[in-house]
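S.K.: Here's the letter readout for the chains.
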Amino acid sequence: MFQGIINGVSAVAIPILMLAIIGHGWHKKVKVYEVFTEGAKEGFNVAVRIIPFLVAILVAIGAFRSSGALDLLTGLLSPLTSWIGMPGEVIPMALMRPLSGSGAIGIVSELINTFGVESLPARMAAVMEGSTETTFYILAVYFGSVGVTKTRHALPAALMADLAGIIAAVVVTQMVFG
Amino acid sequence: MINTIWIVLMAGGILVAGFQCLGLDYSSAAGLVMNPSLVPLTDLTKGLFDSAKASVNLAMGLIGIMALWLGLMRIAEESGLVKIFARAVRPIMIRLFPDVPDDHPAMGAMVMNIAANMLGLGNAATPLGLKAMQELQKLNKVKDTATNAMATFMALNTSSVTFIPATVIGIRAAANASNPAEIIGPVILATGVSTTVAIIAIKVLQKLPRYQMPTDENPPAAEGEGV
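Chains as they are written, first to last, in my numbering: chain A, 46 to 223; chain B, -7 to 219.
Because the hints were derived from the structure by calculation, they are not lab data.
A hint or two may mislead.
Label-pair distances were calculated between CB atoms; the ranges are [what the hints assert, rightly or not]:
hint, chain 1, residue 1, chain 2, residue 2, range
1, A, K86, B, N(-5), 29 to 37 Å
2, B, A22, A, S127, 48 to 56 Å
3, A, L121, B, I(-1), 16 to 24 Å
4, A, P60, B, R202, 19 to 27 Å
5, A, L117, B, I192, 27 to 35 Å
6, B, T188, A, G133, 23 to 31 Å
7, B, L30, A, T82, 30 to 38 Å
Footprint (simulated), chain A over chain B, 3 or more residues, beta carbon under 8 Å [unchecked claim]:
hint, segment
8, 19 to 29
9, 39 to 46
10, 82 to 91
11, 130 to 140
12, 191 to 202
Derived PhoX-like pairs (lysine-lysine); straight-line CA-CA distance at most 25 Å [unchecked claim]:
hint, chain 1, residue 1, chain 2, residue 2
13, A, K195, B, K133
14, B, K75, A, K74
15, B, K133, B, K195
16, B, K135, B, K199
17, A, K86, A, K76
18, B, K199, A, K195
19, A, K195, B, K195
20, B, K75, A, K76
We put the beta carbon where it would ideally sit given N, CA and C, even for glycine.
Next comes chain A alone, as it looks inside the complex (with noise of 0.2 Å):
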């Protein structure tokens, strides 16, 4: 029932945002389709403004991903993460999660083909995909977006926190489920 209501929420947010807003821009008396037109023309520079730092993060990330060195530092990490209660199969995840969403969605996929949906790892890693972000993927978009490139205490804050997420949705899932 309650994933139900879940998934209704899901689907009918965006939708109903939208009749909000386009509804409320007529009562209102405004012109939608040409100020619609006027603020979607902004679009294209916006996206093609953060090429170059989707570019040089992504393929960094790439790099350490494709060539084995994140493996390397799963293998180097395994005796900090056990002991707070964090399976080795899990390790991957919270590395990946602030470097790559499609990355993160794929280990998660693949814990859950390995262990099952059921199983302590795919819920961990499950907690961590809903509970932290890519951050380097979104400070990098979003600075570069601007042109800011001092980003001053902006990522060691994010870090901070990921690292407290990534602890955090242990030690929950621990106590939930394990």
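Fit chain B to the given chain A structure using the hints.
M.R.: Just chain B now, with coordinates in the frame of chain A:
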């Protein structure tokens, strides 16, 4: 900092691939065996080119969605809907973003972005977030440097304020989980922890001397802290 991370990712990847070309095998009964091969390096090169191509495809895919949301957002601005929305969460926003005037368009765009993130609407969140950054940049006096408001907004975004992790529930449902949505409770707890840490970290770090905002247009050369 991002310079260091970029070098580690790029050089680390290339060096590890180079090392794997040696083909060292420790498990063999005959002791250490070497099977040199250039395949790891050629695979790496191919992977790098594929990633570069994929980034442009990603940006091209974003054009249409960006245009759609920026168009809708403009209607919502003109009609005053964004203001109504922003006023509702004003007490929280003025504490998080004391430097942003509370009737500035940046507030509205940030509120819409955070709301989209909470609902797990990634497609809507990115265009609204980029819009918010543009509005914040208008308030920025030193254009190449992040303001406190930008850094706070980024910390909120990257710590992911999520109530409905739609993607991962979808994956679990596809794998026939008996209750795909059972992770929602743990997700809300964990995301609460990471968002709390993000806000504390951003407010503490912005007071440190090394993260001070330069006061004039020509600040002394920073110590390699650029993107």
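S.K.: Next, verify each hint and record whether it holds.
M.R.: The hints, checked one at a time:
1. A:K86 to B:N(-5): 29 to 37 Å: About 34 Å separates the Cβ atoms of K86 (chain A) and N(-5) (chain B), which means 29 to 37 Å holds.
2. B:A22 to A:S127: 48 to 56 Å: 33 Å, violated
3. A:L121 to B:I(-1): 16 to 24 Å: 19 Å, holds
4. A:P60 to B:R202: 19 to 27 Å: 47 Å, violated
5. A:L117 to B:I192: 27 to 35 Å: 33 Å, holds
6. B:T188 to A:G133: 23 to 31 Å: Holds - the Cβ-Cβ distance for T188 (chain B) and G133 (chain A), about 28 Å, lies within 23 to 31 Å.
7. B:L30 to A:T82: 30 to 38 Å: 53 Å, violated
8. 19 to 29: That given contact is violated, which follows from only 0 residues of the segment 19 to 29 of chain B lying within Cβ reach (below 8 Å) of chain A.
9. 39 to 46: holds (count 6)
10. 82 to 91: violated (count 0)
11. 130 to 140: The restraint on the segment 130 to 140 of chain B holds, since 5 of its residues have a Cβ under 8 Å from chain A and three suffice.
12. 191 to 202: It holds, with 5 qualifying residues against the three required.
13. A:K195 to B:K133: 13 Å, holds
14. B:K75 to A:K74: Measuring from Cα to Cα gives roughly 16 Å; hence the hint holds.
15. B:K133 to B:K195: 20 Å, holds
16. B:K135 to B:K199: 20 Å, holds
17. A:K86 to A:K76: Holds - the C-alpha atoms of K76 (chain A) and K86 (chain A) are around 16 Å apart, at most 25 Å.
18. B:K199 to A:K195: 16 Å, holds
19. A:K195 to B:K195: Cα-Cα ~18 Å, so holds.
20. B:K75 to A:K76: Holds, because 18 Å separates the two Cα atoms, which is no more than 25 Å.
When each numbered hint is compared with the structure, violations occur for hints 2, 4, 7, 8, 10.
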